[in-house]
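Just so you know, the sequences run in chain order A and B. For what it's worth, my numbering labels the leading residue of the first sequence as 2, then goes sequentially. For what it's worth, my numbering labels the leading residue of the second sequence as 2, then goes sequentially.
Restricting the straight-line Cα-Cα distance to at most 25 Å, the calculated cross-link-like pairs of lysine to any residue (SDA-like) are: (1) Lys78(B) to Glu112(A); (2) Lys22(B) to Asn64(A); (3) Lys114(A) to Arg159(B); (4) Lys8(B) to Phe416(B); (5) Lys437(B) to Val424(B); (6) Lys349(A) to Tyr140(B); (7) Lys297(B) to Glu59(A); (8) Lys134(B) to Asn64(B); (9) Lys58(A) to Lys48(B); (10) Lys345(B) to Gln138(A); (11) Lys88(B) to Glu117(B); (12) Lys48(B) to Ser335(A); (13) Lys78(B) to Thr180(B); (14) Lys22(A) to Asp142(B); (15) Lys384(A) to Asn290(A); (16) Lys460(B) to Asp223(B); (17) Lys412(B) to Pro300(B); (18) Lys48(B) to Arg55(A); (19) Lys185(A) to Leu468(A).
Here's a subset of chain B near chain A, in silico, CB distances under 7 Å, partners left out: (20) Ala31; (21) Ser77; (22) Leu98.
Keep in mind that the hints were calculated from the coordinates and are not lab data. We put the beta carbon where it would ideally sit given N, CA and C, even for glycine.
There are 2 protein chains.
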Amino acid sequence: MSKGLPKRSEDYSLWYNELVKKADLAENSAVRGCMVIKPYGYSIWEKMQAELDRMFKETGHTNAYFPLFIPKSYLSKEASHVEGFAKECAVVTHYRLKNAEDGSGVIVDPEAKLEEELIVRPTSETVIWSTYKNWIQSYRDLPLLVNQWANVVRWEMRTRLFLRTAEFLWQEGHTAHATAEEAKAETMQMMNVYAQFAEEFMALPVVRGRKSANERFAGADDTLCIEAMMQDGKALQAGTSHFLGQNFAKAFDVKFATKEGGLEYVWGTSWGVSTRLMGALIMAHSDDNGLVLPPKLAPIQVVIIPIYRKDEEFEAISEKANEIMAELRKAGISVKYDHRDTHKPGFKFAEYELKGVPLRIAIGPRDLENGTIEIARRDNLTKSQFELASQPIAEKIGGMLEEIQESIYSKAYKFREEKTTEVNSWEEFKEVLENKGGFVSAHWDGTPETEDKIKELTKATIRCIPLNRKEEAGTCVLTGKPSEGRVYFAKAY
Amino acid sequence: MSKGLPKRSEDYSLWYNELVKKADLAENSAVRGCMVIKPYGYSIWEKMQAELDRMFKETGHTNAYFPLFIPKSYLSKEASHVEGFAKECAVVTHYRLKNAEDGSGVIVDPEAKLEEELIVRPTSETVIWSTYKNWIQSYRDLPLLVNQWANVVRWEMRTRLFLRTAEFLWQEGHTAHATAEEAKAETMQMMNVYAQFAEEFMALPVVRGRKSANERFAGADDTLCIEAMMQDGKALQAGTSHFLGQNFAKAFDVKFATKEGGLEYVWGTSWGVSTRLMGALIMAHSDDNGLVLPPKLAPIQVVIIPIYRKDEEFEAISEKANEIMAELRKAGISVKYDHRDTHKPGFKFAEYELKGVPLRIAIGPRDLENGTIEIARRDNLTKSQFELASQPIAEKIGGMLEEIQESIYSKAYKFREEKTTEVNSWEEFKEVLENKGGFVSAHWDGTPETEDKIKELTKATIRCIPLNRKEEAGTCVLTGKPSEGRVYFAKAY
Numbered sequence: 002m003s004k005g006l007p008k009r010s011e012d013y014s015l016w017y018n019e020l021v022k023k024a025d026l027a028e029n030s031a032v033r034g035c036m037v038i039k040p041y042g043y044s045i046w047e048k049m050q051a052e053l054d055r056m057f058k059e060t061g062h063t064n065a066y067f068p069l070f071i072p073k074s075y076l077s078k079e080a081s082h083v084e085g086f087a088k089e090c091a092v093v094t095h096y097r098l099k100n101a102e103d104g105s106g107v108i109v110d111p112e113a114k115l116e117e118e119l120i121v122r123p124t125s126e127t128v129i130w131s132t133y134k135n136w137i138q139s140y141r142d143l144p145l146l147v148n149q150w151a152n153v154v155r156w157e158m159r160t161r162l163f164l165r166t167a168e169f170l171w172q173e174g175h176t177a178h179a180t181a182e183e184a185k186a187e188t189m190q191m192m193n194v195y196a197q198f199a200e201e202f203m204a205l206p207v208v209r210g211r212k213s214a215n216e217r218f219a220g221a222d223d224t225l226c227i228e229a230m231m232q233d234g235k236a237l238q239a240g241t242s243h244f245l246g247q248n249f250a251k252a253f254d255v256k257f258a259t260k261e262g263g264l265e266y267v268w269g270t271s272w273g274v275s276t277r278l279m280g281a282l283i284m285a286h287s288d289d290n291g292l293v294l295p296p297k298l299a300p301i302q303v304v305i306i307p308i309y310r311k312d313e314e315f316e317a318i319s320e321k322a323n324e325i326m327a328e329l330r331k332a333g334i335s336v337k338y339d340h341r342d343t344h345k346p347g348f349k350f351a352e353y354e355l356k357g358v359p360l361r362i363a364i365g366p367r368d369l370e371n372g373t374i375e376i377a378r379r380d381n382l383t384k385s386q387f388e389l390a391s392q393p394i395a396e397k398i399g400g401m402l403e404e405i406q407e408s409i410y411s412k413a414y415k416f417r418e419e420k421t422t423e424v425n426s427w428e429e430f431k432e433v434l435e436n437k438g439g440f441v442s443a444h445w446d447g448t449p450e451t452e453d454k455i456k457e458l459t460k461a462t463i464r465c466i467p468l469n470r471k472e473e474a475g476t477c478v479l480t481g482k483p484s485e486g487r488v489y490f491a492k493a494y
Numbered sequence: 002m003s004k005g006l007p008k009r010s011e012d013y014s015l016w017y018n019e020l021v022k023k024a025d026l027a028e029n030s031a032v033r034g035c036m037v038i039k040p041y042g043y044s045i046w047e048k049m050q051a052e053l054d055r056m057f058k059e060t061g062h063t064n065a066y067f068p069l070f071i072p073k074s075y076l077s078k079e080a081s082h083v084e085g086f087a088k089e090c091a092v093v094t095h096y097r098l099k100n101a102e103d104g105s106g107v108i109v110d111p112e113a114k115l116e117e118e119l120i121v122r123p124t125s126e127t128v129i130w131s132t133y134k135n136w137i138q139s140y141r142d143l144p145l146l147v148n149q150w151a152n153v154v155r156w157e158m159r160t161r162l163f164l165r166t167a168e169f170l171w172q173e174g175h176t177a178h179a180t181a182e183e184a185k186a187e188t189m190q191m192m193n194v195y196a197q198f199a200e201e202f203m204a205l206p207v208v209r210g211r212k213s214a215n216e217r218f219a220g221a222d223d224t225l226c227i228e229a230m231m232q233d234g235k236a237l238q239a240g241t242s243h244f245l246g247q248n249f250a251k252a253f254d255v256k257f258a259t260k261e262g263g264l265e266y267v268w269g270t271s272w273g274v275s276t277r278l279m280g281a282l283i284m285a286h287s288d289d290n291g292l293v294l295p296p297k298l299a300p301i302q303v304v305i306i307p308i309y310r311k312d313e314e315f316e317a318i319s320e321k322a323n324e325i326m327a328e329l330r331k332a333g334i335s336v337k338y339d340h341r342d343t344h345k346p347g348f349k350f351a352e353y354e355l356k357g358v359p360l361r362i363a364i365g366p367r368d369l370e371n372g373t374i375e376i377a378r379r380d381n382l383t384k385s386q387f388e389l390a391s392q393p394i395a396e397k398i399g400g401m402l403e404e405i406q407e408s409i410y411s412k413a414y415k416f417r418e419e420k421t422t423e424v425n426s427w428e429e430f431k432e433v434l435e436n437k438g439g440f441v442s443a444h445w446d447g448t449p450e451t452e453d454k455i456k457e458l459t460k461a462t463i464r465c466i467p468l469n470r471k472e473e474a475g476t477c478v479l480t481g482k483p484s485e486g487r488v489y490f491a492k493a494y
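Using the sequences and the hints, build the whole thing.
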């Protein structure tokens with residue numbers, strides 16, 4: 002199965018593309034830039050969704066659904082917003098097909114032209130704030146804490162499976178508040194929810210930070226983000242949470258009667274993560290043999306493979322396998338018994354390695370005699386014999402899964418730390434970025450012009466101003482002008 | 002709250018529209034025909050999704066995701082399919098906006114015209130079968146059992162919230178099989194899954210049947226369906242399951258190597274239910290006071306309302322309420338304690354009636370003294386005193402919720418039976434349809450021409466040929482020609 006998977010060290014980009022396809026996660030469709038998320042890939046996304054959805058609900062949010070289409074005039078109401086999205090909008094102009102009169106086939110009916118063009122949502126601030134205008138009259142209607150799971154479309158020219166696709170799946174939270182402070186606290190809370198999800202479930206350490214003005218969401222006053230480090234030393238923005246100020250409230254005239262009897266514009270936030278997280282998950286942990294999945298997001302946590310020559314051996318092994326499965330399932334562990342007789346054990350081993358199943362149990366006739374099983378860990382490729390009498394199997398496997406979850410996180414954390422370098426001169430900046438990659442922690446004079454210049458010279462952007470950075474006076478690596486603290490630069494996905 | 006809800010008997014249609022809005026289920030958006038599903042409405046849809054998704058997985062299906070856009074040429078590959086959907090297709094023709102040179106605002110960039118127009122999926126058979134071509138080579142790849150939760154767009158001219166909207170949410174199952182028999186069995190299985198869901202969770206009795214050729218899905222060889230009866234005597238198609246034969250396999254050249262070494266076209270099915278089910282749920286059970294929700298789909302099953310004048314009464318009541326909530330939650334019952342001091346009990350009673358909460362508990366100072374609570378049932382509007390010492394509260398409430406679920410079903414079943422009439426002449430047919438409505442069970446000569454004629458004369462269509470109909474020779478009510486059995490006619494949503 003893993004035959005033909007390129008090595009990360011030789012061609013990281015090709016390795017990623019091939020892995021996504023060979024592990025049955027996703028593939029390109031006939032429509033440029035739109036992907037098909039295959040069942041195995043989708044089952045990982047479903048696990049992500051379930052955890053995120055739970056976390057949103059625990060923080061008081063409810064789900065709703067808003068239209069796919071946005072009237073062009075709505076998108077245009079917030080100036081910087083339309084500026085940010087205009088270049089990548091899919092536009093619906095007609096609503097009917099008909100048979101061509103010359104018999105050449107089906108054509109767009111020119112008579113069925115829409116009066117106003119509709120934009121396929123690239124994000125839903127405009128359509129949602131136009132709705133909120135009717136939902137919000139008084140302070141009693143606030144806060145309004147709504148999330149939506151949806152597909153969005155951004156007509157990207159260069160696409161890559163999961164990382165950048167014309168259509169992608171995501172959730173977008175849109176909240177409305179009576180005060181700036183509350184909205185800012187919500188923005189921070191949801192960034193922290195994302196960080197917790199990334200670290201606890203994806204085993205992905207992230208830097209919590211703030212975007213520079215250049216990298217801010219189109220229409221936001223402030224954008225918080227979580228940034229992760231991939232194995233090739235490039236950064237990946239894994240989630241963003243925006244403080245929208247009163248920008249959309251003003252664009253859509255959403256005011257509320259205050260407790261004190263006044264009338265004020267509402268404060269807003271929006272926040273989202275997308276199927277891009279799938280790309281982050283794959284690129285952060287996987288290896289040359291295939292996927293490495295953290296147990297908390299693995300659709301199958303344990304696979305059992307029988308090793309036998311004779312039918313009666315198979316029967317005895319199956320009996321043992323069924324016992325083990327029953328114990329594991331009782332403990333909430335997902336397990337599959339792969340007893341296909343059309344494939345050899347070696348083939349199956351490679352297949353589950355490719356698919357990133359955290360633990361593989363092999364049982365042969367000798368194991369039955371000895372009361373043992375062989376357990377192989379996917380993350381570090383180690384094998385061990387386990388004596389069934391020594392400990393309840395569910396306890397053993399449960400413990401190993403926890404260990405793997407932690408171990409994957411630690412490895413990624415260590416890697417990220419190694420790939421984070423403080424530099425103090427422009428020469429050093431370029432040298433580290435060129436030869437080592439990763440996060441380059443450097444002083445910056447705080448101007449968009451310097452940021453642009455650095456991007457032009459090195460392709461690196463400011464990934465974020467870390468929230469936990471020390472106050473530290475310094476001088477900008479490029480201009481030598483004064484700086485209040487270090488920011489993280491990196492080349493990024 | 003329920004002020005202004007029209008009576009069903011006076012204007013059923015207006016009653017429905019108002020109820021959907023006032024109970025916070027959905028509303029129209031700025032885009033013609035596209036709705037906003039509000040948080041309360043969406044939370045009911047989420048409960049439906051969860052149960053259906055579980056049932057799909059239990060029958061071996063997995064979820065995946067396919068592109069929103071379909072190249073126009075794909076849609077055209079299956080002749081009757083494009084015929085069926087061409088008139089209601091939203092068409093994407095451009096992929097960019099720009100600022101107008103005359104400063105008049107944002108316009109569609111004429112230079113960003115797509116080479117081939119893209120259709121916003123009205124259903125996904127074409128894009129999915131074009132993908133299946135790559136997934137299916139051999140009998141070993143079959144059956145392929147995939148479902149998708151998605152939004153689809155059909156540019157309907159007359160829309161109504163939930164019942165007929167330009168965009169709606171649904172699931173669409175698409176399966177591929179080695180034999181016609183297997184595909185037919187799948188078609189039947191999924192129709193039965195829908196029927197079970199409708200009856201067990203929605204408390205909605207349905208007729209399992211087969212569509213006549215006229216009403217068949219565009220591209221199917223056979224369409225099975227479940228049909229429900231609304232309170233105004235109109236039928237509602239609640240779910241369909243299609244046997245696609247080899248039509249899409251032929252259109253997209255999907256062949257498989259058989260076990261015997263041959264090469265054959267694959268057999269297909271597709272099946273779906275949508276947010277239309279929300280409309281069915283509302284129209285089947287609700288009354289002039291508002292929603293009536295079956296407990297199994299109610300986002301809140303029990304609401305507790307304190308009745309008090311003094312603060313110390315409120316404290317004592319709250320203590321009791323918290324005790325009861327803890328017990329109910331332990332038993333998996335969802336419960337809300339509405340202790341808002343901004344609204345009076347009477348207002349709250351009306352609000353939860355409007356929202357269809359199955360059980361309402363009221364606790365006052367007298368109740369505390371007597372060790373009682375008042376329990377009100379939403380479905381039949383009865384109230385009773387319950388002595389807390391007489392039975393564990395979770396057992397009592399759990400039992401009542403079950404009773405309500407059954408009672409709502411029985412009522413709808415009885416109504417459906419009353420509204421089902423056998424007729425044996427054209428006069429009788431017209432008379433029943435006109436004055437009584439409901440299902441009219443009549444002999445039909447089996448021709449599309451007669452069906453068309455009847456529709457033209459009465460607006461009634463064949464809802465289905467019931468699967469459990471008796472073999473019964475007769476003569477067509479309209480033409481007098483021979484008939485093999487009765488079919489169900491009705492006016493329908």
